[in-house]
Amino acid sequence: MDSDRNSAAQPDVDISVLRESASAGGSPRHWRGLDELADTPEFQNFKENEFPHGATDTESKLDRRELMKVMAASAAFAGLTGCTKLPTEKIVPYVKQPEQIVPGKALFYASAVTLSGVATGVLVESHMARPTKIEGNPDHPGSLGASDAFSQASVLGLYDPDRSQAEIHDGRIGSWAEFQQELSSALGQEKGSGGGGVRLLTGTVTSPTLGDQIGTFLKAYPSAKWVQYESVTRDNIREGAKLAFGEYANPVYHLDQAEVIVALDSDLLTSGPGSLRYAREFARKRRVEDTGSKMNRLYSVESTPTATGGMADHRLRLKASEVEGFARLLAREIGLSAVMAPAASPVIPSSWIPALVRDLKKYPGATLIVAGDQQPAIVHALAHAMNQALGNFGKTVHFTAPLEVAADNQWSNIGQLAADIRAGSVTTLLIVGSNPVYDAPADLDFKTIIPKVAFSARLGLYEDETSALCHWHVPAAHELESWGDARGYDGTVSVIQPLIAPLYGGKSELDFLAVLNGQAKSSHDIVQGYWQAQRTSVPRFDAFWEKTLRDGVVADSALPVKQLMVKAGIGSDAPAATAQGLEIVFRPDRTIYDGRFANNGWLQELPKPLTLLTWDSVAMVSPKTSERLGVKSETAVELKYMGRTIVAPVWVMPGHADESVTVFLGYGRTKAGRVGTSAGFDAGWIRPLATPWIGAGLEVNKTGDKWALASTQTQSTMEGREPIRIATLDQYQKEPTFAQTDAQTNPLSLYPEVKYEGNAWGMAVDLNACTGCGGCVVACQAENNISVVGKKEVRIGRHMHWIRIDRYYEGGVDDPGTYHEPVMCQHCEDAPCEVVCPVAATVHSDEGLNEMIYNRCVGTRYCSNNCPYKVRRFNFYLYSDWDTPSLFGMRNPNVSVRSRGVMEKCSYCVQRINAVKIDAEKQDRPIKDGEIVTACQQSCPSEAIVFGNINDPDSAVSKLKAKNRNYKLLEELNTRPRTSYLAKLRNPNPEIEKAAVV
Amino acid sequence: MADSPTNKLAAEEIMNAPILGPGHDFASVTDKISAIVLTKRTPLWWIVGFLISFALTSVLMVAVTVILVYGVGVWGIQIPVGWGFAIINFVWWIGIGHAGTLISAILLLLRQQWRTSINRFAEAMTIFAVSCAGLFPLLHMGRPWLGYWLFPYPDTMKLWPNFRSPLVWDAFAVSTYATVSLLFWFIGLIPDFATLRDRARNRPAKIIYGLLSMGWRGSAVHWERHETASLLLAGLATPLVLSVHTIVSFDFAFGIVPGWHATIFPPYFVAGAIYAGFAMVLTLAIPIRRVFHLEDFITIRHLDNMGKVLLATGLIVGYGYMMEAFMAYYSGNVYERFMIINRMTGTYAPLYWMLIACNIVTPQFLWFRKVRAKIGALFTIAMVVNLGMWLERFVIVVTSLHRDFLPSSWGTYIPTRWDFATFFGTIGMFLLLVFLFIRYLPLISIFEMRTLVASEEEKKAANV
Amino acid sequence: MAQIFHHSTNTIARVSIYGAVILIGILGYAANVVNQTSYVTEVHNALPQPVPFSHKHHVAELGLDCRYCHTSVEVSSSAGMPPTQTCMTCHSQIWTNAQILEPVRASYRDSTPISWTRVNALPDFVYFNHSIHIAKGVGCTTCHGPVGEMNITWRENTLYMRWCLDCHMAPQKYLRPKSEVFNAFYKAPSDQETLGNQLMIDYKVKKLTDCTTCHR
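Chains G, C and X, in that order, give the protein sequences. Just so you know, we're using this note's numbering here: the first sequence kicks off at 1351 and counts up by one. Just so you know, we're using this note's numbering here: the second sequence kicks off at 0 and counts up by one. Just so you know, we're using this note's numbering here: the third sequence kicks off at 555 and counts up by one.
Read the hints as simulated data drawn from the structure, not as lab findings. Model, not experiment: these values are computed from the prediction. Heads up, some of the hints might be wrong.
Said to hold, decoys possible - A few chain C residues that face chain G, going by a derived Cβ cut-off under 7 angstroms, partial list only:
# : residue
1 : Leu137
2 : Gly141
3 : Lys157
4 : Asn161
5 : Gly317
6 : Pro406
Ideal Cβ placement from N, Cα and C applies to all residues, glycine included.
Only chain G is shown next, with the shape it has when bound in the complex (with noise of 0.2 angstroms):
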């Protein structure tokens, strides 16, 4: 197992198993092989030594098929000069064609897409019955329009070629039918035990439905055991809320109401439940329209770098473990008399806590102090007690009831499980979705202990680690294939609607319950029946019914405002006792999560905030611990935590906090599929029951080895060019033209000055809002059909992104600065790229674009060398998967798919402008603003990105660009982007500033 486990750092090389694995990955111009071949571990070596920057391994495929399909590829495209006749095709029409559907349109269905049980609303972008794009519903609270990366890459994920296609016997294909008795037999032995030997393993549940089914097999077996368990689990946040109220409750934010917000650890800008709400509402309060405007400020305690710490005023490093004694410390300068002080207070500037706390009192009700999910119990317990001191409860934060049907503690829950099934009392065990072998706390040891059980089902979307070792895999419907229904952030229930039938016949979580509930109702029915049930008050159900569908969320299904007390004497126990040594910080990974994602080429090739890393997990460490470490970052180490070791690369990451290593859990899977199979490695198998986040007496040796990772931005600093100009409110409000330079005040050109009559598309971009979580990136792949390349070729630089998130770091390496800046096109009026193509394959529009012909590009990538700001990007090979038909379904219809050689990159979302354009020019009226919103526009939380006609004063756009914050990127360059940026603000506290060194 332990060899298995760790096989992503095998050091060994052996040639046979690289050509086999070579052969295996097939063509070189699919992402898949590509990554699969790059990312064996015979690979790794076999680059290290042989030859360092790989993109020679072609040789290994060149055989007559490839040779043949290149060739096509290359033909069908070299087609329509004139003396090439295109290919017969054929029209197949319906027989009897559905209404609504009007080929060559698309509809748009309310639905939504959960992460961990909690929902995020959603519109699925539908053509011709396909669902190809996923966008933010803006009724949805949770979502208010916006969308993350994992629900962007949904689309991805349902289409995926490796998700499971059939019941899987004990290794041989089954049926439906079959397993529906096998099933039947064995809860039929169970009856007479009232289920005693039976136990349900679910992911944490808010759907109200689903939740009723599972009653309703309780009921029918009142000893089985329900087990819900998320290896990134919240517990901690429910165990905190116990600890301050006797109960379990889930907290709500309001960052709109709040002057001073103090996170504890805590990402919630960019990660859990509601962060989309949370980033929209943060960056609302810090829209800077004049020098009159006002700030909200952010001070983040944090350990390892988050997207959130880097849009704080003040960052404070401290080791996770040291958070606690923080919040103690702070918990006592608010008044919290009755708090014990930490026996070692962690090193904070004496000026800071002082400081902060008179801030905080400055703004009584109008404050918030928020812990991290990996934060222990007690930090929550204190944020709760803290706020309630500064009269935020009802203001900044309340409370309702848990999202989850039953809340409970997953963690001893799921340990409680595997103690029965080792104790043999288990007999029967359902799997729905979760994945324990992988994912479960390492010493539970799933992997050995369930074939122990004499009958084990897994309803699974692919066939995965713990598929297969149960007696019966069932695939799995993907959520855009099933009904359902599920909690958003505040409690708002959605309905989760098919937008198209199991492409490979899977089952809904309600399809399997209801097999167990031996019901022959379709899901559809179960849902609808539950919330007829539900709302029996409504005069016309279907009226509902319909109304609920078309808007996503059930309306006010909000859970209601608890009023909570803290408990007195919150904290006073003795506090922890710090422990020694190095420490250990567990977190999801920022892509691919906990490992659910790691089949999805778009989350694995998303750069990671901060580190920019694709297609791997790193051991983070801060510059000092390095040094003491001898260790670098690409460095293989070998991570030895209670008793188990695993190798990692290391990353050396500025602003982490010393002697403390974080790892990311997701990686090192071992049948996640041709994407995820063994990429990165499994931080999971060094994480015990009893420390699910952070640990101390880590051990680090190094293994003599490299470890090549790849990051799409190798340089950091800004090398005294301002790429992102930066100043603090008072600096702004004395001098606002702070960002403005000569050149953009008088810019000077020998061309003729271009008169634009009519549309003149520009873009503005907020550097004061983005928080760099990378949702823009994946919405502009999924709009855009832009290839995965796989590892190799990103590490080479080869990454097909038409909007990148470039990140500076400013100040001392120990804790920098990190500003966020997107770079897509900046559809220059003067664009040096147009000059230099030979054949005019990107030219300008009338209306101030910068277009980019694929058909017409011969690709000789001079358009790219002249970019000065390298947004273009370029078709090393066929990326492109021509070969993959599930994938087909996918595409955008209403953009090429780039074949190799050719020249690609943003274009404004050409395809969105010209269908409104034609409907207004149908309907004879001008293009009203905001009706044009670009991919990544659409996508972001913070609403950062601003597009629209600039020839229009009224227009939103128009006005940032009159901001005198705004800038434009090089413009000493004269090249006149229509993309301009918003200078960056921080709003510090003058008493820490002062202090601190900037």
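Chain G is already provided as a structure; the job is to place chains C and X on it using the hints.
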């Protein structure tokens, strides 16, 4: 003609270095040169050399196939470094070509007699170099099969190429250059083909050379027309020596990339081209002279002169480098300054200093006549300069691109095996052509050498 | 010295030299001609169809409106191909047992779609939108030709980019009143230019030649 300035100088400098060894009459000259071609026995060294270059050429063929099948991705190029070996080699080869045209055209117009014995294979070298260069613009494209879109023709799309793009000018410049050089070379060969036809013993040879000589009978009319044609073509070729590499330099100078965007590029590219070209001529001349015992035809004086040209152009190139550095400093432009500092201290700094050593330091030895007279030394220097000029193009293309404006998009270019395969492959192809040339064509212009015999005799007469 | 070549060689040489030049010219011209033949452009090729559907019959003789079958032409990029249902609206009543209609009935019976052969094809990287052309007074027959005379449908125009641009650069040459757009037998007036220019103003027709108008 005897009183042309260089002759005077030469007379003082290298008394015992005529441009044609003593004791040669028309017959001996003709015999000596044509014998090389018409001999039955193919020397062993030739076969060996031929096979080696043939092997290298096959490497090129494999590389080309791989590139066409999989795309330019097999090279190390990426974003930001979109151009790699392909463009480097292209500029390098084109540069090398220039010497040939210079010698055959300009020196012809300037009536520099010493050029006579070297112009034939200098021209040959030009053509071979240009054909190597010509491969790259096509190969480096993402979709080479659409390369013809660079030329204006009435297409079904109602589109024209973008005449503002230096790459389009390139397409014209290079193709013109190739055509003119080829014509010039062939015209020059006609009388010698005739000689070979007349002297060939076996029939096939007679027929082949006969066809090539296009019915040359050596009549006064033929000679008269031949002379006019050569002069015309020389006149046509002369501006090309300047224009072609000027346009090639525009590929860079028209870009806004720091390190490319400089007005000094055209002159110093042209100088660089001639520099590289003469280096290559020497690289070929010295061994050929040796193996064919042509010391009488390619005399110490030729080598000496070429050494001087090398030194002169080398100094111009050196000036170019200094100016680049100075302008970067003087501009006060943050990007320019960074560019030059990055060249000297950045990732590719070693290559930059190697380039300085090869192109500026080494040629300084040529100040000394002793060095110029020492064949071995001359040959070594020539080789070093060849390398140096390749490095120059590497520094210009790669170091400028890999760290341009936005630090976020900086990257590093590492060539792959296919980069090297294409590079050495073209060297192989070049040598292959050279070997074929020296075996089957008169590598020194027989008829022009005869005129030298005449002038030498005049001189003798004058001295007596 | 013996002659290597017969003196006729001189003539041969001359002929071959001039000949080569001329030949190249001829070949170039020929290629150009061939490129315009219907073999390459597929113009006026009536392609075989599963059912020998006659536009002539339905449009000219029965006077069906284009939109009866091509329903989405006014609202969507695609004009829409009629589902079998549409055929059966009539053919469940008339010609109910005509042999040639068997595929249609079969399709309806076992709900297997009819797969027609595409006549007017554009490459995938061209994004053509029917609705906007209709809205701006471009008649069906302007591009699709005299559909009313086609027994078996053929492609009337090359649909090459050059052809598209011909209209996009000078719409006035082709525009017609909106009332006439679906008229399959519309004849342009003698003073089309003046009419066209007037319509360009009335319908706010622009000369769209931006690449992204059609390519994205």
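Here's how the hints hold up against the structure:
1. Leu137: Since the shortest Cβ distance to chain G is 10 angstroms, the answer is violated.
2. Gly141: 2 angstroms, holds
3. Lys157: 11 angstroms, violated
4. Asn161: 4 angstroms, holds
5. Gly317: 27 angstroms, violated
6. Pro406: 4 angstroms, holds
In this structure, the earlier hints numbered 1, 3 and 5 are contradicted, and the remaining ones agree with it.
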